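A.B. asks: Below are the chains, spelled out letter by letter.
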Amino acid sequence: MKRLITLVVNKKACEIAVEPNRTVAQVLREDLGLLGTKIGCGMGDCGACTVLLDGRPVNSCLVLAVQVNGREIETIEGVSNGKDLHPVQKAFVEHGAIQCGFCTPGMVLSAKTLLEKNSSPSEPEIRKALSGNLCRCTGYQKIVEAVRQAAEMMKK
Amino acid sequence: MHLLPRFDYYEPRDVAEACKLLSQFKASAKVIAGGTDILVNMKKGLIAPEYLVGIGKIPGISEIEPVDGGVSIGSNLIIEKLVEFDLIKKKFAMLSKAASVLGSPLVRNRATIGGNIVNARPAADLPPALIAMGARVKLKSRRQEREISLDRFFKGPGVTVIRPGEVLTQIVIDGPPPFTGGDYIKLMHRRSLEIAIVAVASRITLDGPDGIVTDAKIILSSVAPRAVHAVRAEKALIGEKPTEKLFEHAAKIASNECRPIDDIRGSARYRCDMVEVLAKRTLRGAFVEAREQ
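Chains as they are written, first to last, in our numbering: chain U, 1 to 156; chain P, 1001 to 1293.
Hints may be right or wrong, so weigh each one.
What the hints assert, rightly or not - If we take Cβ atoms under 10 Å as the criterion, some of the chain U residues that face chain P in the derived model are: (1) Arg-3; (2) Ile-16; (3) Glu-19; (4) Ile-39; (5) Cys-41; (6) Arg-56; (7) Val-58; (8) Leu-114; (9) Asn-118; (10) Ser-120.
Unchecked claim - Estimated spans, in silico, between C-beta atoms of each pair: (11) Ser-120(U) <-> Gly-1045(P): 40 to 50 Å; (12) Leu-4(U) <-> Pro-1178(P): 51 to 61 Å; (13) Thr-6(U) <-> Asp-1215(P): 50 to 60 Å; (14) Met-43(U) <-> Gly-1158(P): 39 to 49 Å; (15) Gly-1156(P) <-> Lys-90(U): 45 to 55 Å; (16) Gln-1293(P) <-> Lys-12(U): 48 to 58 Å; (17) Met-1(U) <-> Lys-1026(P): 17 to 27 Å; (18) Glu-94(U) <-> Lys-1026(P): 56 to 66 Å; (19) Glu-1017(P) <-> Thr-6(U): 14 to 24 Å.
Rather than coming from a laboratory, the hints here were simulated on the basis of the structure. All figures in this text were calculated on a predicted structure; none of them were measured in a lab. In this text, a Cβ means the ideal position worked out from N, Cα and C, and glycines have one as well.
Isolated chain U (complex conformation):
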């Protein structure tokens, strides 16, 4: 039986009727049209489906939509202000930290969360914060460099 849930997605209140067996990742993509959230493995291993749940990055493929009733979600679509890219996004573009782009939304959200807590992370801290997000293209080096540059940009 469908349940009516209310939640805040990218600062906008939504009311949706969902079957209990649908995940947050599915509802974001299929009901709300927010296709920036990718579904990779669907098992919580790859991090492509990362969203912020009450400010914490989580695998949205392993969260039931009914579990986020009354809570707040930020997806990659909510990261920029609508005009300019977020410094993390800008640094990813400038450093070539994006190749196929499938992991990028998750990487950006995990990196942004790190930089909001720790304004000058060390390389091991960056790698640890991104360790739930897998990238099969870049070899991670350019991603780490981009996060470093984003940290500098965010301090200014």
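Once you've looked at the hints, dock chain P against the given chain U.
C.D. replies: Structure of chain P alone, referenced to chain U:
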């Protein structure tokens, strides 16, 4: 894409209501907290419960509270908070260390301490540290509440003493005695999203900064169907003066006390050898911490 099978979802407002639902539905219902284990198993088709009982909205089971020098931890507390909380970092550092190597940052923001316990996986990260610290769990049912030592909680892979209709609500750890220290080391192929090849948690208590060992715990994980004590190694430490030689001796005994299996992560022989290395290193770490207390 992996889809979840159909089920009905309930979200009780308190523990009593959760117990009522669980005793009503019996084996056809499962509790869901963070969901990082159960939803994976459901997507793989390993289990297909008809009902999921979400405990996320129950008040009073997601907090860390200091109690008489010790701590009471709600079962629905996410793993990342064990890493973040000062009280855990300072007084129960071994638990914080074990929590910091569980899954990935994304998993740690959803997975709960209770889930890591009740799933009873032989390589689970928190039970070895919790057992070494003498943790107890509170189990509530409709009619009674019981408190049981985590030492007696696990029966085998996926099997615990929890009865149908019972919910794990709190994990209680007493404050460590003076001059007590602990350490947990998990050996893994990668640094993240990994299941331990072998893990060891050790804790020792001294009768003074330069005193003898008055209590010792060495818990071996991923080398048996559940986390086990290296009983003879623990005995070998008690009453002795802590020296490098003693730790080496105890570690050697510990490596003879486990009966691991060969599997994809490592051979039995390798695991036994690594038990010795990790037992020695965790004892050293525990000793350093014990002297500082």
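A.B. asks: Would you settle whether the hint for Val-58(U) is holds or violated, based on the nearest Cβ-Cβ distance to chain P being less than 10 Å?
C.D. replies: holds, 5 Å
A.B. asks: Should the hint that Ser-120(U) touches chain P count as held when the rule is a Cβ pair under 10 Å?
C.D. replies: violated, 18 Å
A.B. asks: Cβ-Cβ distance between Glu-94(U) and Lys-1026(P): within 56 to 66 Å?
C.D. replies: About 58 Å separates the Cβ atoms of Glu-94(U) and Lys-1026(P), which means 56 to 66 Å holds.
A.B. asks: Assuming the hint says 51 to 61 Å, is it satisfied by the Cβ distance from Leu-4(U) to Pro-1178(P) or not?
C.D. replies: holds, 55 Å
A.B. asks: Using the Cβ atoms, figure out if Met-43(U) sits within 39 to 49 Å of Gly-1158(P).
C.D. replies: The hinted range 39 to 49 Å is violated for Met-43(U) and Gly-1158(P), with Cβ atoms some 18 Å apart.
A.B. asks: Please verify that hint: Ile-16(U), Cβ, nearest Cβ of chain P, below 10 Å or not.
C.D. replies: violated, 15 Å
A.B. asks: Holds or violated: the 40 to 50 Å window for the beta-carbon distance between Ser-120(U) and Gly-1045(P)?
C.D. replies: holds, 46 Å
A.B. asks: Quick one: are Met-1(U) and Lys-1026(P) within 17 to 27 Å, going by C-beta?
C.D. replies: About 21 Å separates the Cβ atoms of Met-1(U) and Lys-1026(P), which means 17 to 27 Å holds.
A.B. asks: Holds or violated: is there a CB of chain P closer than 10 Å to the CB of Glu-19(U)?
C.D. replies: holds, 7 Å
A.B. asks: Would you settle whether the hint for Ile-39(U) is holds or violated, based on the nearest Cβ-Cβ distance to chain P being less than 10 Å?
C.D. replies: holds, 6 Å
A.B. asks: When the nearest CB of chain P is found for Arg-56(U), is that gap smaller than 10 Å?
C.D. replies: It holds, given that the least Cβ distance between Arg-56(U) and chain P is near 4 Å, below 10 Å.
A.B. asks: Take the shortest C-beta to C-beta distance between Cys-41(U) and chain P; is it under 10 Å?
C.D. replies: For Cys-41(U), the interface hint holds, since the closest Cβ of chain P sits about 8 Å away, which is under 10 Å.
Violated hints, listed in ascending order, are 2, 9, 10 and 14; each of the other numbered hints is respected by the structure.
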